[in-house]
Amino acid sequence: METPDSAALLAAARAGSADALGTLFERHSRRLLAIIRLRLGPSLRAHLESRDVLQETWLKALGHVDGFRGAESASFVAWMARIAANEIRDRADHHGRQRRDAGQEVRNADLDAMAARLRSQTSRIALDESVERLERALESLSAEHREVIVLRKLEELSFAEVGERMGRSPDACRQLLARALAALTIAMEKAR
Amino acid sequence: MTADGTAPPPSGDAGADEGEAQERLARYIEAHLAGQSIDIDRLCADRPELTPRVKALAAAFHTIDGAFEMTAAGAAPGDVPRLDGFRIVERIGRGGAGDVYKVEDLTLGRVVAAKVLRRDSRLAAALPDFLREARSLALFDDPRIVRLLEFRGGEPPVLLMEYVDGFTLSEIGPSLEFPQRARVVAEVAEALHRAHALGLQHRDIKPANILVDARLQPKVLDFGISTADPDRGHGLGTLGYMAPEQLDPHRRIDARADVYALGVILYELLCGVRPYDGADAAEMQRLIRDERPRLPVEIDPRVPEPLQAIALSAMSAEPADRYASAHEMALDLRRYLEGRPVVARPAIYRSALARRVEPHVEQVAEWERLRLIYPHEGDRLRHAYRQLQAREDDWIVQGRILSFPQIALYMGAFVLLCSSVLAFLAYLEGAVHGVVWPIVALGLPCVALHLAAHPLYKGHHKAAAVAFYLGAAVLLPSMLLIVFREMGWWLAAPGITTEMFEKVSNRQLQIAGAISCLWAAILAARTRTVALASGFTLLLVTFALTVLGDYGLEQWLENGEWDRLSFHLLPLLVFTAALGTTSERRNRSWFAEPLYFAAGALFVLVLELLAQGGKQLGYLGVTLAIPNGPDVSDATLLDTIAAMTANGAIVYVAASLLERHGTRLQQPVASWLYALSPFAILEPLAYLCHTAEYSRRYDWIYLAAAVTVAFASRFRQRRSFYYAGLTNTALALAFITDHYDWTGRPAWTVAVVLAGLVLLGLGLSLDRAQRRRRAARETL
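Just so you know, the protein sequences line up as chains G and P, in that order.
Residue numbers for the first sequence follow our numbering, beginning at 1 and rising by one.
Residue numbers for the second sequence follow our numbering, beginning at 193 and rising by one.
For reference, chain G alone in the conformation it holds in the complex (with noise of 0.2 Å):
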């Protein structure tokens, strides 16, 4: 019901529409951005500004707005954690100086005042406690548990597409996030 909404709001987006523009960002923001911390990790969270990759991933979205029916995913939230994926590693190589033209492309005139909307809506986006605590405990899982949680609870990946990306069978990806689910409920008792 969520996905088509999403591509229609995307392209309502791109068509001029600030309130749908305003509605996907409000929808996927914090979710993206959770997605983005996660896969900086703590070592490269310290050179790079998850905030920063989380805005010129929606102005690529934006740019690229086709992109998503041609997407193998019917999911929004993996599409777009794709491109922030990529964002990040074009960071992660360059990292120092910054590569921006890659977006740049792809933008014009009316992108530019989506920026500025997106810039002023990323800045309003606070971090609290308990989503930090979230963080923590999601970090403290194995590399394996972190991966299928994040693929299937945050990417909203089916189970068919959570295997094909960890090479495993869909049944065996169901136990592992069980037994990653069981753990993280264990952490996040612990943290508190």
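Don't read these hints as lab results, they were simulated from the structure.
A hint or two may mislead.
Just some of the chain P residues that point at chain G, by a computed CB distance under 7 Å [as the list claims (entries may be wrong)]:
1) 218
2) 249
3) 253
4) 422
5) 424
6) 426
7) 427
Among chain G residues calculated to face chain P with C-beta under 7 Å, some are [what the hints assert, rightly or not]:
8) 15
9) 23
10) 174
11) 182
12) 186
These figures come from a predicted structure and were not determined experimentally.
Here a beta-carbon is modelled for each residue, glycine too, at the ideal position from N, C-alpha and C.
Put chain P on the given structure of chain G with help from the hints.
Structure of chain P alone, referenced to chain G:
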């Protein structure tokens, strides 16, 4: 899901058991992920001491899991709100700005629904929207809209609403009978109309937002993105139920977007599938914007047609084609439920038919190309198909169906025309005086009809509105004339000899005619109907005749100066033809059609008037008059008849030219001229034979002409020629019998029998010749 684990029990287990508890938790979670529910007591049957710990962990897990789901990650488990005095049973839904929980009111012991503003929504200034929803809901006191019990402006803000124990319409819809489905949608439409009346559009109405309780009473939920601002909210909502204008930020959104969504809901309820099913969002948007849905009866033949019509009307792409309000849609649904005819007539029926007809028309061209059918058959088929594309609510002459309402409506308009003429005659007789009478008898009905036609036209009674307008338009000229006369406006100047009537002056006639003509043109342009365009054409011709009055129309009629009249009608002929062509070029076919017919009729009239009195041949310097025939009363009769017969041939030539080179809308006129021409050729001869003076000499010519015309029907495949030939042959035989007084002569009867036999023999030999030719061609 365990409902008893909201308060974590004290954890007092040893660390060694912790691993075992985590293992059980993983099993519990795995079952939960597979969609199964597992009893923790049974799960821990072998280690009962672990049960409280696993239950606590399971509760903690659900909180974390719920936090993932509902607050779009990053959010902490603490996001499940704490509501003083309430126990949260479970999360039951997720709206635009908040999550909905089923909660138990611990004080009153009742179950209510709590909508809690989501944490991430608070970032993007959603609070005003949340408050607005609260205020909107507070406005309603409608059993079909979920009731607001309380608003708590704490942190987070909470809306407490009545809890509806039922299923969503999407779940229960397929198991309902058609009338039940119609009733549910009618109730929802009425509820939405209430909201619209309070200045609120739902903008996200869909089966998932409609709960149906055990008594099939629907309740509308989630006014989360509702607004009344026509310039906001584009792209919000659920794509499958969004109207085309919601996808385009440049278009304004009004209450009819909700009507559209109701149409989609009804459509889906009727045939089980959504009208548009795109592989992805971009395709969905394209489908909603450009495509037309399949007819529900195509998908499920059991779908009642009236309900299909209602659904399709409501979901017309153009807001103007939809019901003007949700209330009107509800009324139409009620009509269906009460067994009365519904008023919906979806615009899509016409385009759906047109789309289906198109391949047939192409087929006809293909058959023609393959020589399977003759060109005249192709023409006839194309004409028949074109008839299907006529507007169903068009006036009776063109309508696809004859119905009692149509018959009554246009008869009413016609009787008003008669009354208009009668009123004028009564006035000329001096039966009435003063301005009050015409204003009361003609003016009031005229105004009343206009006033009544306006809402009818805006609503769904276009056919009635057109007839009303027509009736009103024909009353106008008589009333104007009488008023002009009584007020003493534009009286005839003394000493003018060209006045046609004693009572009214030419100027009065012209001004009344011009006003009526202009008004009819405005009405025709507004309604885009042939009916009013025909009224306009009729008034135009009348107006032209009153103008001719200034040039001496009355003298021409009195002195038989038909040629003058004929010449003076020429400008009108040119004008109507030119106006018709212009209208057709500008795609105003409804305007062009009657004008073309008028031009065709004027063409025939001009020719025939010119023929009168032998003038036509006279201009050519020819005469057939016998110099000294004392027994002839009208010396020019022969010339007249000859000219008229020739004119019949001219009409025929004009028809064939028009058929070959004319536009699509000129074709009916060509057919009409074709049908007319054989009679135009033969009937003057019949008249000539009828007058005793010339009879004997021309009876045989008449007979020969009739037979010739019958045979000529072959050349352009015109049946009218054949029928004209047959009837005139009979008439010619009757004249001959009468004039020679052969009634009692058996020889004459035998001669006619022989003639019939000869014709049969001729037919046989012609047929054999044809077969021989064909056989010879085949052997070649």
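Open item on the list: Restraint: residue 427 of chain P near chain G, CB-CB cut 7 Å. Satisfied or not?
Closed with: holds, 3 Å
Task: Interface hint compliance - residue 23 of chain G to chain P, C-beta minimum distance less than 7 Å - done: holds, 6 Å
TODO: Could you check if residue 15 of chain G really has its C-beta closer than 7 Å to a C-beta on chain P?
DONE: holds, 6 Å
- [ ] Grab the minimum C-beta distance from residue 424 of chain P to chain G and call the hint holds if it beats 7 Å, violated otherwise.
- [x] Constraint on residue 424 of chain P satisfied, holds at 6 Å.
TODO: Would you settle whether the hint for residue 426 of chain P is holds or violated, based on the nearest Cβ-Cβ distance to chain G being less than 7 Å?
DONE: holds, 5 Å
- [ ] For the hint on residue 249 of chain P, just tell me whether its beta-carbon gets within less than 7 Å of chain G.
- [x] holds, 6 Å
Task: Minimum beta-carbon distance criterion (7 Å), residue 174 of chain G to chain P - done: holds, 5 Å
Task: Cut-off 7 Å, beta-carbon criterion: hint that residue 186 of chain G touches chain P - done: holds, 6 Å
Task: residue 253 of chain P as an interface hint toward chain G, with CB separation required under 7 Å - done: holds, 5 Å
TODO: Double-check residue 218 of chain P for me: the hint is only fine if its C-beta lies closer than 7 Å to a C-beta in chain G.
DONE: Because about 4 Å separates residue 218 of chain P from the closest Cβ in chain G, which is inside the 7 Å limit, the hint holds.
Open item on the list: Hint residue 182 of chain G vs chain P: min CB-CB distance below 7 Å?
Closed with: holds, 4 Å
Open item on the list: Let's test the interface hint: is any C-beta of chain G closer than 7 Å to that of residue 422 of chain P?
Closed with: violated, 13 Å
Of the numbered hints stated above, the single one contradicted by the structure is hint 4.
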